[in-house]
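Q: So the protein lines, in turn, are chains A and B.
The numbering of the first sequence is the numbering used here, which starts it at 13 and goes up by one.
The numbering of the second sequence is the numbering used here, which starts it at 13 and goes up by one.
Bear in mind the hints are in silico, worked out from the structure with no lab data behind them.
The structure presented is a predicted model; accordingly, all values stated were derived computationally and were not measured.
Warning: the hint list may mix true and false statements.
No copy is singled out in the list; a pair is fine if it fits within one copy or between any two copies.
[Claimed, not checked] Each computed PhoX-like pair below joins lysine-lysine, with the alpha-carbon atoms no more than 20 angstroms apart:
id	residue 1	residue 2
1	Lys-116	Lys-23
2	Lys-132	Lys-119
3	Lys-132	Lys-116
4	Lys-132	Lys-16
5	Lys-104	Lys-43
There are 2 protein chains.
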Amino acid sequence: MAIKRQTATVKLLWEQFEESRDALSVVYLVKHLKVAMNKSTVYRILDRMEESGKLHSFIGKNGLKWYAKCQDCSSENHIDIHPHFQCNGCGKVECLTEEIKIPKISKHQIQLAQVLLLGKCETCLN
Amino acid sequence: MAIKRQTATVKLLWEQFEESRDALSVVYLVKHLKVAMNKSTVYRILDRMEESGKLHSFIGKNGLKWYAKCQDCSSENHIDIHPHFQCNGCGKVECLTEEIKIPKISKHQIQLAQVLLLGKCETCLN
DNA sequence: TTTATATTTGCAACTTGGTTGCAATAGTAA
DNA sequence: TTACTATTGCAACCAAGTTGCAAATATAAA
Chain A
13 MAIKRQTATV
23 KLLWEQFEES
33 RDALSVVYLV
43 KHLKVAMNKS
53 TVYRILDRME
63 ESGKLHSFIG
73 KNGLKWYAKC
83 QDCSSENHID
93 IHPHFQCNGC
103 GKVECLTEEI
113 KIPKISKHQI
123 QLAQVLLLGK
133 CETCLN
Chain B
13 MAIKRQTATV
23 KLLWEQFEES
33 RDALSVVYLV
43 KHLKVAMNKS
53 TVYRILDRME
63 ESGKLHSFIG
73 KNGLKWYAKC
83 QDCSSENHID
93 IHPHFQCNGC
103 GKVECLTEEI
113 KIPKISKHQI
123 QLAQVLLLGK
133 CETCLN
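All chains should be built: construct the whole structure from the sequences, respecting the hints.
A: As structure tokens, this is what we get:
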């Protein structure tokens, strides 16, 4: 189900994403939110936000679930298919603006592409 | 640690990968191997095979760990960076031969790229 | 062949991410 | 206010993956 009511918890979670284009893992959110919030609540709100086209989700290098703000999505269309960069040093995940060309694969219908680049971020390089 | 001894279990596991270019999830292997094998053993052997450059691993769409045969890797160099295709219908994962161009990202050092294409495979399309 | 040594395995217990059912709470519209 | 429905917290659960340790087994040396 998509977001129907603008509760305090929904607002608080949305604020976390509004500022940056970095992605946030659910685990991080559950641990570090200023107002403590039950983990099932966090999972459920993020889920609804994704269905509403406000967030998109993907799996990071260790199998953790990450969410980040969508740029131009709706509940019908998740067109915001950009690559993500995860730092092998600090673990941070960034959304990238670069476009990746996805090849056509014969006899396959491609619906979604998840590109995760792994390496060192600016901070960890120095 | 890399593979040091050619045990029966190591051989059995390797046979699973030898035939096809499909990837296999650890969960699948633990459930379906003809000769039952403890799951920690499976995890450890696959781990060692990856370190030896015989297999590479990646995370599928549900956070499960998958392994597939390397083409030209060694324990020093995992150069076998190809995209994977996972079917949204049956869950099967294939290794693709198509090359994906990875853009340079300013102020970032990219060490690895994981590309997971999601869609319908040939069987599930018909 | 036998012995010695280091690697590998099974087991059981554990850790952790994520899910679920249900009763209590809180938005929203009338 | 009231009534209705969405949302939340809680506790219990499930499944993937990890770990420590004692027993088993491959391999090299004698």
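Q: Which of the listed hints are not met by the structure?
A: Violated: hints 1 and 4.
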